[in-house]
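Chemist: Take the given structure of chain A and dock chain B to it, following the hints.
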Amino acid sequence: MNFQQLILALQEFWAREGAVIQQPYDVEMGAGTMHPDTFFRVLGPEPWKAAYCAPSRRPVDGRYGQNPFRLYRHYQFQVILKPSPDDVQEIYLRSLQAFGIDPADHDIRFEEDNWESPTLGAAGVGWQVSMDGMEITQFTYFQQSGGMELRPISAEITYGTERIAMFLNDVASVYDLEWGGGLSYGDVRLQEEIEFSRHNFEAADSDLLSRLFRQSEDEGHRLLKQGLVLPAYDYALRCSHTFNLLEARGAISVTERTGFIQRVRRLAVGCARDYLKEREARGWPLLRHRLPEGDG
Amino acid sequence: MSGAGVRTFLLEIGTEEIPARMVDGARHDLGERLIGLAGRAGLLAVPMQAARDGLRTFGTPRRLAVRLAGLRSQQPDETAEIAGPPVRAAFDSGGRPTAAAIGFARAQGLAVEDLVRLATPRGECVGVRRAVRGKPAAEVLAAEIPAMVLGMTFPKTMRWGRGGTVFVRPIHWVVALLDDQVVDLEIAGVRSGRTSRGHRLAGAAPILLPDADAYVEGLRGGMVIADVRERRAAIETQLRQAAGASAGEIAAPPGGIAGDPDLLDEVTHLVEWPLVVRGEFDPAFLALPAEILITAMRHHQKSFALRGADGALLNRFLAVANVREDRSGLIRKGHEWVLRARLTDARFFWEEDRRQSLEAHAAGLERLTFHEKLGSYARKAERIARLAEAIAPAFEASGIPIDRQAVRDAARLCKADLCTQMVKEFPEGEGIVGGLYARADGLTARVADAIYAHYLPRGADDPLPAAAEAAILSLADRIDTQAGIFLLGLVPSGSRDPYGLRRSVLAACRLLIERRVRVSLRALLDEALAGYGTLAVDGAVPPEEARTALLEFYRGRMEHLGEQAGLRTDSVRAALAASVDDPGDARLRMEALEAIRNDPGFAVLVQAHKRIKNIVKGQAPQPFDRGAVLEEAERALGAGLEETLPEIVRLQARQDHLGALRAIARLAGPLDRFFADVMVLVEDRRLRDNRLALLRSIGDLFLRVGDFSAIVVEGTPAETGAARKSP
Chain A
2 MNFQQLILAL QEFWAREGAV IQQPYDVEMG AGTMHPDTFF RVLGPEPWKA AYCAPSRRPV
62 DGRYGQNPFR LYRHYQFQVI LKPSPDDVQE IYLRSLQAFG IDPADHDIRF EEDNWESPTL
122 GAAGVGWQVS MDGMEITQFT YFQQSGGMEL RPISAEITYG TERIAMFLND VASVYDLEWG
182 GGLSYGDVRL QEEIEFSRHN FEAADSDLLS RLFRQSEDEG HRLLKQGLVL PAYDYALRCS
242 HTFNLLEARG AISVTERTGF IQRVRRLAVG CARDYLKERE ARGWPLLRHR LPEGDG
Chain B
14 MSGAGVRTFL LEIGTEEIPA RMVDGARHDL GERLIGLAGR AGLLAVPMQA ARDGLRTFGT
74 PRRLAVRLAG LRSQQPDETA EIAGPPVRAA FDSGGRPTAA AIGFARAQGL AVEDLVRLAT
134 PRGECVGVRR AVRGKPAAEV LAAEIPAMVL GMTFPKTMRW GRGGTVFVRP IHWVVALLDD
194 QVVDLEIAGV RSGRTSRGHR LAGAAPILLP DADAYVEGLR GGMVIADVRE RRAAIETQLR
254 QAAGASAGEI AAPPGGIAGD PDLLDEVTHL VEWPLVVRGE FDPAFLALPA EILITAMRHH
314 QKSFALRGAD GALLNRFLAV ANVREDRSGL IRKGHEWVLR ARLTDARFFW EEDRRQSLEA
374 HAAGLERLTF HEKLGSYARK AERIARLAEA IAPAFEASGI PIDRQAVRDA ARLCKADLCT
434 QMVKEFPEGE GIVGGLYARA DGLTARVADA IYAHYLPRGA DDPLPAAAEA AILSLADRID
494 TQAGIFLLGL VPSGSRDPYG LRRSVLAACR LLIERRVRVS LRALLDEALA GYGTLAVDGA
554 VPPEEARTAL LEFYRGRMEH LGEQAGLRTD SVRAALAASV DDPGDARLRM EALEAIRNDP
614 GFAVLVQAHK RIKNIVKGQA PQPFDRGAVL EEAERALGAG LEETLPEIVR LQARQDHLGA
674 LRAIARLAGP LDRFFADVMV LVEDRRLRDN RLALLRSIGD LFLRVGDFSA IVVEGTPAET
734 GAARKSP
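Line by line, the protein sequences are chains A and B. Sequential numbering from 2 applies to the first sequence in the working numbering. Sequential numbering from 14 applies to the second sequence in the working numbering.
Okay, chain B solo, but in the shape it has when bound:
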């Protein structure tokens, strides 16, 4: 229980079923809002960081809840300052109070002599200082919580009934308890209380909560596991036991991860009291490809497929129901019936689709819209093919052999499965289904595999396509979409990313980085943009503008990837400030910077780069003339530059950026001496220009690896404002 004077607040918003995809975001949002509110209102008894330890959020399909411990029972007393007119307006030249001052004092219920002087952003003013008594926590919460809850954001909201309120789903009950006291408030016409509700099937019996700490156990009594992690773990345990009892394990979805964590997350948010139900289907269906079976199981039914020790699919599945028990076996029977219907349907699609070759299905792409302003999938397939031709040489130059004919054939057919009944029914089977049909049509394994895997990686953690041909298609397909959407001027921002371009660009970067393919992104994007010809539609932007915006977007995603890989933000930004044109190379430069930044000599280079940037700022570039030097330090630096440059070019050609950095580091001494001995901005114009040219060349040399000046050396803040928030 809470210590003396320290309180715990519980808030539960009871709703109709919240979309599974929104529950986690919403409960975190609720928690952040509450702790923020408590902080602003002076209700936290401990510092914010410690207060976080007392914050717990809960979420089920029918409720969002938050509990915050460590609250004061009362706001601290404060002195409020109320500023009146400025001093110069409050007194006349004789120092007598003006009408403005007298009026202000009267309005405050004071005599003018009682006014004090306050420093304000408007200058010194007369004013009043008043002791403000802190309000009881319950009063503050009652006043603030309704707007806090209704101000929550969701990917999609709705109205209901008379339509006066907007929220994720209709609100039916509200629990608000400060320790054992109800905080009396009203949200969307629903009055708060201490009564929660259990699982739908537990009947209408209300759950009376004696105090805020009784929440989790109280709900458990009503067949609700409120804690998301606990519920997920409970499902996982049941799944493992049930799989074991069937001598199997949870199969990975096509192109996904074993154990199917995505599906596990989803079902966690579809149930309040999970029960794993085991079912079987007719083994005759096992003649269908495993991918089709797994997809049919998980798509509508959210059931887990099982595979045996030999890797082959079993004719068994696990469904996660929202009940205590399958008392008459009807749930198992129901799921089995439904799955049989689905598999029959899938077999029908398979047989129907197979009456035509994939090639014949491709004819239908003419009539399939890719984007209403960007035309059909037939055109898209043509663009993919062209772009793939442009990407293939980059793979080959990076030492990855490519079957060019397979790339061409697969590019032509990779979208054809969008015309099949199977993909219309199971859109997530895109690519996989085409690959299966290609194999069944007798196309070569290379072509079939390229089609099969070209949509990978779908999620951030998904595996990359194994075959290089598939990787090329994957890149071409993605870059083509990115180019088209950016040509329409639709740059993703905030939570608006309807075409999933963040994910798409991340995937493209991963493919280039992890496959170690060297490219010029700029050239590729130009190629992709050119694929759309002249786009005469509303809102279209010129290709150069689209390319610039898209390159910036890539920079943001590369930054994200670099940070995710554990690299420090300033190393990442420094490398990207040099260039984003080759994502794989940029990553290597990030890593090299990260490796060398703590070397003692490196700080000198950082400082030097800052000085160089300051000095050459705004100066027109000039070639450095080694014959025009005067000072020894100048000559030494010039010689160092000329000696280092070819070495760096050679090292960077084999992407040895750490070696390049070490070579650059040898310039630290000459640079130090240069700055100590040589005056750059001298009267003699020729001398000055030549020194500037020398420094600029040194700066350019640094920029071959990164913008050192963006690196924060311990104790010295970065002075460039290169901080660029990822979009």
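Bound-form chain A, shown alone:
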């Protein structure tokens, strides 16, 4: 099973489980959790079930295409289930079979791993799921987001697609992984890794980035005042990514760092609060829908 088949298999599995299959969001972000379909949907009383592939950009993880395991940009496969189903672990274990892993043939363990994102005001409790000693999934019960306690609780399942595909295909370097269409992961992505590593570590203009950060922050707050929550959140995402670039560039000192994080957080928390107000004003539209049960 090559890389794209893995993603297709996951989409198929979760579609059968009744999830909305979303598409990647088109603003740069560090993790699938930041996708509006997770960040906002976990808030408030409305049920939600979605799955999507989430390209995740982490400038400091760039390795110029030299490291066989580390990437500036990788692809998470993200599932969000709200409220968390009673049998969510069993569903998850069945999902492994969708790409040919029989849990009885492997050493699958749920090891404590909690997650926290200061910039999103978000925190969760859960595990990393390891298979034969390799983490293949981050499994989290969201406890807080946007600085608020959540109720109901969402389960977030994040598959590390590259690792799983490498394991399945017994390849030692991510760049040798077969993507699909006869091409390797390296054929498709290597140049991007090299160029963005150079950009992130060497070429990015810190002054410009600092200005962009400030402007995005101002614009986000301005839009919030006008009741434009989702557009404001796009600017919060831009702030977050710009901050990550500044950090990779080594342009943020220790004392400044906390300040930057708090500024992004303030904007994100503002978005979360106003989103809830907006949903409430609309009468929590999704409460009227009974979410489909899975047919898998």
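Because the hints were derived from the structure by calculation, they are not lab data. All C-beta atoms, glycine included, are put in the ideal place defined by N, C-alpha and C. Heads up, some of the hints might be wrong.
[What the hints assert, rightly or not] Distance windows between CB atoms, simulated:
| id | chain 1 | residue 1 | chain 2 | residue 2 | range |
| --- | --- | --- | --- | --- | --- |
| 1 | A | Gln192 | B | Thr170 | 39 to 49 Å |
| 2 | B | Glu365 | A | Gly183 | 25 to 35 Å |
| 3 | B | Thr92 | A | Pro104 | 39 to 49 Å |
| 4 | B | Asp510 | A | Pro119 | 18 to 28 Å |
| 5 | A | Leu288 | B | Thr170 | 26 to 36 Å |
| 6 | A | Arg283 | B | Asp37 | 28 to 38 Å |
| 7 | B | Thr170 | A | Arg283 | 32 to 42 Å |
| 8 | B | Pro511 | A | Glu257 | 16 to 26 Å |
| 9 | B | Glu365 | A | Glu279 | 42 to 52 Å |
| 10 | A | Thr259 | B | Pro659 | 53 to 63 Å |
Modeler: Just chain B now, with coordinates in the frame of chain A:
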């Protein structure tokens, strides 16, 4: 089986995977809560101590369980007293019942004549005595258990689903059996029954438990070893056999203990049915330092590294899987694949990191936060260097030669590895990795070793750094962190110790005590606090306040260490009451007190110290004037003091505290006579002040070793309330 009328209760809470680090604490907590509940409810058929023999707790990743034998089937009948109004309000001056009494009686369904008089904390009241029939055990348990379980505490809890319950992980099933009867109760929406569940892979087949005693064997049938010790022993046996089959033994983790008991504990709580799987890796990786290989094996994969008879690492490892068998060899293959990936990664880090010298990596410390309010690691490294300069002379004065230049170089570089990819990937490699890179950079062995071992001892049982230079850095690093955190007013309390300061202070005490280094802790702490300059951040406290709090914290840890060494609590406290300023010296004084406390003459000194403390309490200190004595007993004691003091000073200078105590013991006779013959609180002010001054000097002499009055002599309780709970 249980005897007639004596019952056994079983409770199992089935959950999703509980964090490995929490299982032991949680099962003990559950056991204590249950036995406490049974005791309070009058359900224990035997005294509490005996009841403990019937208590067993169990824990696996997916369950916490407790079984308690020796329960009554029914609470004993009791007489309950219900107090009404006080007698004076219940009857008027003519002795007739008041409206209050009549109303109370009516509310109780009685005539006022039926009321009795009860002694209560509010005084004598009218009231009712009623026979209360004991309830059946099952009824009591059903009512109490849910709140007991949900009241358990964990280091971290969560909500799930609709979010109505808080627990360590979602609850999926509950077994509650009193002998063979289900105790019907509900916890977090889950109804109890007699059905447990086995290992995930054993399928969904329920395990029906006929009675409480069938638990362990029932679960074994479902591929679950419920007993923690049994599971740990099973893993250990398999590990030993597998290691033997590979002609090796389990390697110690860097700076840790052979056999890797920490890892063994952790994997015990990650599996319900352990299977040790043997694997191999490409011997070419053995070119990497053994520390890196071992860390890579244990960090993510929780695998045990093996070493051969010659001590060199083998290209083999042992993984502990949670399965019955590796039926198609896929687990072995999987672990081998993953380890190859990890080692490739580690080799990549090694090569990448080595493109720069450790010195060059150190430049990155400017951008690495030590603590958001305390600045960067670059500043920390500078403070460590300064503090190390202040500590080094204490080592030298204690007869330990120090390479000062090596200390300086190592202090500058000891945190540099935090900027390397290797430590970012394997944080537990801190120090070790820096040491390895320093060696590879061609720095002297002294510098490299100091960096390598400066983080030791990490755990309470870890070895101390062998090199004195490393010990100095270890102390400087720790004291610097302690000072910074206390300056922020963040004193550890209860289970809150986010910076691991208890462990850090314990480590500092061990270094000073076991290395026999004499210091003034107070001076060192002041030096460390001064390293932060004026700290203008939220919540910062003045340095004097931080120093006082930190010294108190040290006292608590020294007390703990002393007790752990088998010394009696009152000996420990008596020595610490004298001074905590030199931890090594305090330990020697504890030991001396422990050695002499059973001497017949010592009780006299204890009594004398108590009397002295009582008499001089609140009196302003005055110098003793030997010319102003009147009585012979007074003169003798004064002479004894003057004769003893220099001897004690001399003995204590070479830390012969037992000798000092023996010298002090010679004052027992004169003291006895003094108390018998001399009246201290006489009218003549000059005489009185001089006698008080004499006693105070004697008291001060005692306090050079310890506060004798804190020692409990057989039969006489200590009268000072010096009992200070360790924080």
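Chemist: Evaluate each hint against the coordinates.
Modeler: Verification of the hints:
The beta-carbon spacing between A/Gln192 and B/Thr170, approximately 47 Å, falls within the hinted interval of 39 to 49 Å. The given range of 25 to 35 Å is respected by B/Glu365 and A/Gly183, whose C-beta atoms sit roughly 32 Å from each other. A C-beta distance of roughly 60 Å is found between B/Thr92 and A/Pro104, which places it outside the suggested range of 39 to 49 Å. Taking 18 to 28 Å as the suggested C-beta distance range, the pair B/Asp510 and A/Pro119 conforms, at roughly 22 Å.
Distance hint for A/Leu288 and B/Thr170: a CB-CB separation of about 28 Å, consistent with the stated range 26 to 36 Å. For the pair A/Arg283 and B/Asp37, the beta carbons lie near 49 Å from each other, so the given range of 28 to 38 Å is not met. Against the hinted window of 32 to 42 Å, the Cβ-Cβ separation of B/Thr170 and A/Arg283 comes to about 33 Å, which satisfies the hint. Distance hint for B/Pro511 and A/Glu257: a CB-CB separation of about 23 Å, consistent with the stated range 16 to 26 Å.
Between B/Glu365 and A/Glu279 the beta carbons are some 48 Å apart, a value that agrees with the proposed interval 42 to 52 Å. The hinted range of 53 to 63 Å is satisfied by A/Thr259 and B/Pro659, whose Cβ atoms lie roughly 58 Å apart.
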